[in-house]
Every structure is written in C-alpha cells, then in structure tokens.
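Chains A and B, in that order, give the protein sequences.
According to the working numbering, the first sequence is numbered sequentially starting from 501.
According to the working numbering, the second sequence is numbered sequentially starting from 213.
Calculated from the structure, these hints are not laboratory results.
We treat Cβ as the ideally placed atom computed from N, Cα and C, and that holds for glycine.
Careful, some of the hints might be misleading.
To be verified - Restricting the straight-line Cα-Cα distance to at most 35 Å, the calculated cross-link-like pairs of lysine-lysine (DSBU-like) are:
{"#": "1", "chain 1": "A", "residue 1": "K671", "chain 2": "B", "residue 2": "K411"}
{"#": "2", "chain 1": "B", "residue 1": "K297", "chain 2": "A", "residue 2": "K665"}
{"#": "3", "chain 1": "A", "residue 1": "K524", "chain 2": "A", "residue 2": "K660"}
{"#": "4", "chain 1": "B", "residue 1": "K297", "chain 2": "A", "residue 2": "K524"}
{"#": "5", "chain 1": "A", "residue 1": "K671", "chain 2": "A", "residue 2": "K524"}
{"#": "6", "chain 1": "A", "residue 1": "K660", "chain 2": "A", "residue 2": "K671"}
{"#": "7", "chain 1": "A", "residue 1": "K665", "chain 2": "A", "residue 2": "K524"}
Unchecked claim - Using C-beta positions, here's what the derived DEER-type ranges look like:
{"#": "8", "chain 1": "A", "residue 1": "Q540", "chain 2": "B", "residue 2": "L482", "range": "54 to 64 Å"}
{"#": "9", "chain 1": "A", "residue 1": "R610", "chain 2": "B", "residue 2": "G235", "range": "16 to 26 Å"}
{"#": "10", "chain 1": "A", "residue 1": "H550", "chain 2": "B", "residue 2": "F470", "range": "41 to 51 Å"}
{"#": "11", "chain 1": "B", "residue 1": "F291", "chain 2": "A", "residue 2": "S562", "range": "27 to 37 Å"}
{"#": "12", "chain 1": "B", "residue 1": "R484", "chain 2": "A", "residue 2": "P666", "range": "50 to 60 Å"}
{"#": "13", "chain 1": "A", "residue 1": "R610", "chain 2": "B", "residue 2": "D413", "range": "49 to 59 Å"}
{"#": "14", "chain 1": "A", "residue 1": "Q540", "chain 2": "B", "residue 2": "V493", "range": "50 to 60 Å"}
{"#": "15", "chain 1": "A", "residue 1": "D647", "chain 2": "B", "residue 2": "F307", "range": "27 to 37 Å"}
{"#": "16", "chain 1": "B", "residue 1": "G445", "chain 2": "A", "residue 2": "R511", "range": "50 to 60 Å"}
{"#": "17", "chain 1": "A", "residue 1": "S542", "chain 2": "B", "residue 2": "L328", "range": "54 to 64 Å"}
{"#": "18", "chain 1": "A", "residue 1": "R528", "chain 2": "B", "residue 2": "G380", "range": "46 to 56 Å"}
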Amino acid sequence: MPRYGMAIDLRTCMGCAACVVACKVENRVDEDAFRCRVTQRSRGEFPNVHLEILSERCNQCSDAPCVWNCPTGASHYADGGIVLVDESRCTGCKACLAACPYDARFINGRGVAEKCTFCVHRVREGLEPACVSTCPSRAMIFGDLEDPSSQLVRVLGARKHRALKPEAGTKPNVFYLE
Amino acid sequence: MMPVDIEVAGRNAETFPVLHVWGWEIALYLFLGGLAAGLLVLAGWAHRRYEPARLGPALGWMGPLLAPVVLSIGMFALFLDLENKWNVWRFYTTFRVAAPMSWGAWILILVYPASLLFAWAAWSELGPAGARLVTGAPFPLRRTIAGLNVALGAALGVYTGILLGALGARPLWNSPLLGPLFLASGLSAGAALLVLLEKEDEWRRRLASIDLRLLGAEGVLLGLFFLALATGGQAQRAAAELFFGGPYTAVFWVAVAFTGMLLPVWLERLERRGMVAHTAVPPVLILFGGLALRAVIVLAGQASQWEVLL
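Use the sequences and the hints to build the structure in full.
Okay, here's the thing in structure tokens:
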C-alpha cells in the first residue's frame with residue numbers, strides 16, 4: 501500500500517508560482533480560489549532580514565483532523581493515503597476548514613469543501629501531479645514514502661528536511677528540503 | 213520574537229488573513245442550543261424534585277414548552293450556515309464517532325422528540341386551566357421523561373462547547389473547558405429566561421438566586437479557561453492575548469464580562485437587599501451576555517492560529 505508524499509527543495513524553489521497556475525488550470529479551480537499557494541515570509545528588521553519562500557498545499561496528513569472532524573464521512577482517505585472529499589456527501593458545514601491547521605481548504609462554487617488531491621486522477625495514470633511536472637526549477641519531488649527505492653525516500657534520507665507545523669500533530673506528508 | 217511579514221500568492225477568502233467560515237448563524241445556534249439545554253435541565257430537575265402543584269408556571273410548563281421552540285430556531289440558524297443545504301440529510305446516513313458535529317447531529321435527533329414529549333407532558337398536566345388539551349391529570353411517566361430531558365439537555369449543553377473544543381487547529385477553542393463553560397452559560401441563560409417568565413415571586417427569587425450561582429460557576433470556568441491558555445505554549449498565549457490587549461479585548465470585557473455578568477449580578481444583589489425594584493433588566497442582560505460570549509468565542513477562535521504572525 502503506497503503512501504504518497506512530496507518534497508520541495510527550498511534551495512531551488514524560486515517562488516515563481518508556476519505550481520499555483522498549473523494547479524488552477526489542471527483542476528479547473530474556481531476563479532477566486534486556490535488549491536495551492538506560494539507564501540513569502542520575511543522575518544527580522546533591516547539589515548538583518550531573512551526571506552523564506554514556501555510552495556504550500558494540503559499536507560495529506562496521515563492523522564488528518566479534517567477526516568475525523570467530518571460529520572458525514574465526505575472527507576476520507578483514498579488510495580495512497582490521499583485525503584479526498586466526496587462531493588455527494590459534503591454538507592458544506594466547514595468543520596474541515598476550521599479543523600485544518602494548514603488552512604488548505606476552501607468552499608467552492610458548488611458549496612462543498614475543496615482542496616489539493618495530489619492530482620489523484622493523474623497519479624492513477626502514472627503521471628506526476630501538475631505542480632510537480634510544471635515546476636521549472638525541478639524543486640518538487642513526488643513519490644511513494646513506503647518505497648525505499650523511490651527518489652523521494654532517497655532524498656529525504658540524504659537531505660535535512662522539515663514539515664510545516666509538526667506541533668499540530670497531524671503527521672503531514674509534504675516535506676521541505678533545507 | 214522577530215516580526216514576520218507574509219505575502220501570499222493564491223489567497224482564499226475563507227482562510228486569509230485568518231479563518232473566516234462561521235458567522236452569526238453558528239454563534240446564534242450555539243447560544244440557542246445552550247439556552248434550550250438550560251431550560252430542559254432546570255425544568256427537568258424541578259419536575260423531578262417537586263410535586264407538580266408546587267411548581268410555578270415558568271418551570272412547570274413554560275420552560276418545557278419553549279425548549280423545543282428555541283432549539284428549532286437554533287437548528288434553523290445552523291441549517292442556514294450549511295453551504296450545501298441539499299445534503300443536510302447526509303448527517304443521518306452515518307455516525308462518525310470521532311466527529312463532534314456527528315455527535316451533535318445525533319444528540320439533536322434524540323433531544324428533539326424527548327423535549328416535545330416533555331412539553332406535552334408538562335402542558336397537559338400543568339398548563340393553564342381552561343386551555344384546550346389540558347387535562348390536569350397525571351401524565352404517565354412525567355418524572356421519567358423529565359429525568360431523560362435533564363440528561364439529554366446536559367449532553368446538548370456540553371456538546372456546543374466540545375464542537376469548537378475539538379478543533380485542534382485553533383488554539384483558542386482547543387480546550388476541554390469550553391464544554392463545561394458553555395454548559396454553565398446555557399444554564400444561566402435558561403435560568404434568566406425562566407426568571408423573565410415566572411409570575412410567582414417566591415419562584416422568581418429562587419430562580420434568580422440559582423442564576424447568581426450559575427453565573428459564579430461561569431466566571432470561575434472563564435477564569436480557568438484563560439489560565440489554561442496563559443500558561444500554555446506560544447500559540448495558546450497568543451490566543452489569550454486576543455482578550456488581553458488584542459482586538460477582542462473591548463468587546464469581551466464590556467459586552468460579556470461587564471454587561472452580561474458583573475452588572476446583572478450587582479443589580480440582582482441590590483434587588484435582593486430591596487435597594488432597587490424588581491425589573492426585567494438583569495435577566496435580559498444575562499441573556500445578552502450568553503449570546504455575546506458565543507459570538508466572541510466563535511469570532512476570536514477563528515483569528516487564533518498555530519503560526520503566530522506579528
């Protein structure tokens with residue numbers, strides 16, 4: 501049973517937001533909504549400043565509060581541990597939006613919760629998610645965290661990395677290579 | 213801490229700059245759910261404790277009759293909040309043991325018929341003489357029905373707090389004290405509504421004195437709630453600061469603490485000493501305070517987050 505994950509190389513990501521655009525086009529996301537985003541956090545005061553650029557999306561957590569807070573079972577685990585929303589079950593109660601420490605969800609024009617799916621429709625055909633295949637600096641690596649021979653597992657074994665908000669305790673599966 | 217500035221490409225209105233998904237509908241629902249819970253617990257307790265002839269009209273039949281009405285208005289507000297209303301029936305095709313909202317949906321399904329049965333029993337036995345359908349004859353199992361409503365009312369009251377308390381992503385809400393706090397607030401709001409309705413002086417005084425104690429308990433729980441946040445980690449302390457210098461300071465201390473709790477307690481004490489006449493002001497202020505507490509907690513909780521940006 502695979503467990504899909506992602507690593508994003510902070511040394512090569514330049515914050516161009518091509519991933520944001522590719523995701524919108526691939527998934528036909530609503531005009532004023534986004535499944536992924538690029539954040540730029542600047543810390544400190546001049547001249548001692550530091551800029552961090554992160555390409556962020558649903559972390560497909562292994563202990564996902566959106567899944568266990570969903571009152572109807574609409575938010576669920578699909579193959580490879582990918583968290584999906586079954587639109588036919590979603591009431592738009594927004595418990596999952598409130599439960600997600602990563603603020604990875606939004607309500608789409610049909611009134612149901614929407615989020616990154618790791619482009620599960622592409623993954624099932626053996627393709628990479630749209631953001632990964634688009635990334636012009638090849639900063640994103642997608643793969644199976646359970647497969648020791650995958651590029652993802654090898655790079656996570658070799659490089660120092662971290663997840664976002666590990667203190668939220670949700671076991672995120674998106675990692676950032678430092 | 214170093215100041216942090218954030219720029220985002222790809223903002224969603226629901227989550228940037230802070231979560232903004234729940235508004236007046238949820239605050240009103242949590243308040244009315246708590247109020248209905250308070251009415252059921254207090255009236256159910258009185259029906260078990262006292263002979264029917266000794267009960268005043270508020271505890272005797274008005275409270276039981278109003279509880280399902282109040283609950284219906286609250287549930288309608290909850291329904292208005294759903295973005296995909298056609299799927300509302302999906303709450304009842306499954307039970308998700310880890311989802312507080314699923315518990316709430318099923319508790320409501322149990323409370324609703326139980327409170328209607330209680331209203332029927334109380335009305336037919338203790339309703340105003342001369343009203344149609346009022347027999348005055350003992351209603352079968354009235355005391356058992358009352359006891360059932362105490363238990364279900366308490367579950368409803370605690371659930372309104374646990375709904376928010378289970379959301380670990382929002383440090384302000386993520387407290388086990390929110391359940392008892394909302395229960396105490398719902399009970400005090402229920403007692404206040406009963407004080408407004410009660411016509412017999414003796415019962416009104418007793419209900420008012422019960423309400424003072426409930427407000428005291430609510431105050432203690434609020435204090436513990438803030439203490440738990442203030443002694444927590446950075447995200448918890450930032451959540452507490454929303455009320456101590458942050459954007460919710462004025463509305464919390466003026467609307468909830470002073471107008472909704474301290475002022476009615478003070479007025480009630482003056483009234484007891486015979487220094488002011490009895491008016492509807494203290495119970496109305498207590499009801500206002502209950503609604504303000506839900507609104508402030510619902511709004512401020514959405515502004516509290518793990519990542520503390522300055």
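Hint-by-hint comparison with the structure:
1. K671(A) <-> K411(B): violated (58 Å)
2. K297(B) <-> K665(A): This hinted pair holds, its Cα atoms lying about 33 Å apart.
3. K524(A) <-> K660(A): The hint holds at about 30 Å.
4. K297(B) <-> K524(A): holds (26 Å)
5. K671(A) <-> K524(A): holds (26 Å)
6. K660(A) <-> K671(A): Since the Cα atoms of K660(A) and K671(A) sit roughly 17 Å apart, the hinted pair holds (cutoff 35 Å).
7. K665(A) <-> K524(A): holds (25 Å)
8. Q540(A) <-> L482(B): 54 to 64 Å: For L482(B) against Q540(A), whose Cβ atoms are near 58 Å apart, the range 54 to 64 Å holds.
9. R610(A) <-> G235(B): 16 to 26 Å: holds (20 Å)
10. H550(A) <-> F470(B): 41 to 51 Å: This hint holds: roughly 44 Å between Cβ atoms.
11. F291(B) <-> S562(A): 27 to 37 Å: holds (34 Å)
12. R484(B) <-> P666(A): 50 to 60 Å: About 55 Å separates the Cβ atoms of R484(B) and P666(A), which means 50 to 60 Å holds.
13. R610(A) <-> D413(B): 49 to 59 Å: Holds, since R610(A) and D413(B) (Cβ atoms, about 57 Å apart) stay within the stated range.
14. Q540(A) <-> V493(B): 50 to 60 Å: Since Q540(A) and V493(B) have Cβ atoms about 53 Å apart, the given range 50 to 60 Å holds.
15. D647(A) <-> F307(B): 27 to 37 Å: holds (36 Å)
16. G445(B) <-> R511(A): 50 to 60 Å: Taking Cβ atoms as reference, G445(B) and R511(A) lie about 30 Å apart, which means the hint is violated.
17. S542(A) <-> L328(B): 54 to 64 Å: At 59 Å between Cβs, range holds.
18. R528(A) <-> G380(B): 46 to 56 Å: violated (32 Å)
This entry does not satisfy hints 1, 16 and 18, going by the numbered hints stated previously.
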